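Chain order of the listed sequences is A and B. If you're matching positions, the first sequence starts at 1 in my numbering and goes up one per residue. If you're matching positions, the second sequence starts at 1 in my numbering and goes up one per residue.
Quick caveat, the hints were computed from the structure, so don't treat them as lab data. It should be emphasised that the depicted structure is a prediction, and the values quoted were computed from it without experimental measurement. Ideal placement from N, C-alpha and C gives every residue a C-beta, glycine not left out. Each hint should be verified, as a subset may be incorrect.
What the hints assert, rightly or not - Listed next, the stretches of chain B that the computed footprint assigns to chain A, with coverage defined by at least 3 CB atoms under 8 Å from CB atoms of chain A:
#1 45-58
#2 102-108
#3 129-136
#4 180-188
#5 265-275
#6 344-351
Single-letter residue listing:
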Amino acid sequence: MSRFARGPRGFALAETIVAGTLLLLVVQVAWWATAAQSLVATRIVAGARILDETRLVHQVLSTEIRHGESGGDWVVEGGDLALRAFRGIGFGCGTQPGAGWGVAVAGHRLPDRDKDSVLVLSADGGWRPAALVRRTRTTGLQCQQVAGFSAEVWILDPPPSRPVAALYFERGGYRLASNAFRYRRGLGGWQPLTGTGIAADSSFLLATGRGGLEAHVIWEDPGPMHPSFDWKMWARR
Amino acid sequence: MREDADVRTTRPKRPGDEGFALVLSLLALLVLAGIATAAAVAALGQLRAAAMAGRVATNRAAALGGVERVLAETRGPPKAAVGGAAVEMASDSLGGHGLRRVHDLRLDRELHLFIGEAESGGGAPTRVARVIWWMEPASRVAGHRAVVESPSVVAAGSARLLADSLLAARRGLAACDGIPLLARAMGGGLVPAMGGLPQPPEWGARTGDPSFEKLRLGWFDRSTLAALADRDLSGGGTLAPSCPGCWSGLVFGTGQVRVDGSGAGVLAVDGSLAFGSSVAWTGLVLASGDVTVATGGRVLGLVRAGGMVDLADNATVDGSACAALEALKAAASLSRPIPLPGRSWIGPVPPGAE
């Protein structure tokens, strides 16, 4: 009888215990590694989402107040930013129609008389608001050719005196409330622009001196980075 | 017997005995790989977003910088015509693989729209627009509604205030009746010898722009006029032009300014202005306070004063739109685009598809 034939019988229990212990160890280490990596990955993903959404808040707010003037175009009341949300511009065409104002228009979207009003620049250098009563696309006017601009005829109320250029805008508002950054058009409902997770009690928008806007955004889930973001923005003059 | 033992020892393992640890390890690796992939995708997304934000910021800064550069470097009258095609003001490459351009759209005689655009490699083109005021001498002159605009004019018995040859040629000055804008505004005795001060934006300030309260020339306010002056008499002083027949450009002063020699040009004074005896001045006179013309003094051009205009014996103000026009043309420092005060950057202007 060989040595190999007898050997395994005597060590079966010990081998089982050692094997079980080793297996337990391996499983535990693997579990720990998996859990740790899962935690890290979750934090990275959560942090990425926080960065994305904070970047969104920053981009939206800075873009919205960039072309406005504090007090006239936007104001912070009770933590809400109420503003003229500019959506595009127009300039007067070289030839004008018999009625209305021929204007070349470009913007993030086309003007909408149901939503938009107009701020008109006159030849005297003054900006005056007017209601957009009607707009029609036209091809019969000679407008300076600028890529992206299309010709329209606007009927405004009151009719502008010597109009030169215009901005069209909708009334809107932004707020940090109910765990999200929200926007509303006119007096409509507040729609979330971000996912939830903003600590609305500690986050705020604030008008600062000299026409600036300060944003303070705190996230509930801290993630791998500091959960608090502060920045100031100013309109471009 | 030995054969039996060998057979037992080397018998093939049953399927369950082949080692599920390997399977477990592979499963664990799969889970770990999945988690790592999720993290890598998130990190990659951040990288892409950061790169895009960088490109957007670069293009935006380039477009804004292009407009600012054109404003800083452009001198002389505009090339664009009202309602005409856009004129390219600048075009340069961005780092060898991008392009930056600025176009001028002339919207009105003195109002322009500068459109700056930039695109560097990788997309995210950006456009910005700014409303610009660019002085046109004829428009400035056409804004005068009288030879002397002032709240009060006091003239001695032998003083003369003339408004009958506003557009006519004078010695050394060509006629300007061929300029349609001036012919419409000033031809045929439309402009009287005396009149009150015009309303903003010709003169004075609207609510919200106090820098124009005392002195202005179009949308040049007091501080801009001081910065652009060819001759600065801030704090007051005496001007004695070295060359009576030469254009002095823009002369700016504050306090009490006295002119003791004959000359020509644009006189802009935040304070009071006095012309000495027998001094002749050709051009445009703007003062926030009183203007005094001593005995035998002569102003050929147009006068606008926030205070009283006092003409002594034999003093003459000979109304000439052409003299004022030539003075403005000769003041080269004024022939430049500036941003319209107040709201000048307008938008949003989406990138246009060429």
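Each hint, compared with the structure:
no.	hint	verdict
1	45-58	holds (count 4)
2	102-108	holds (count 4)
3	129-136	holds (count 3)
4	180-188	violated (count 0)
5	265-275	violated (count 0)
6	344-351	holds (count 8)
Against the hints set out earlier in the document, violations occur for numbers 4 and 5.
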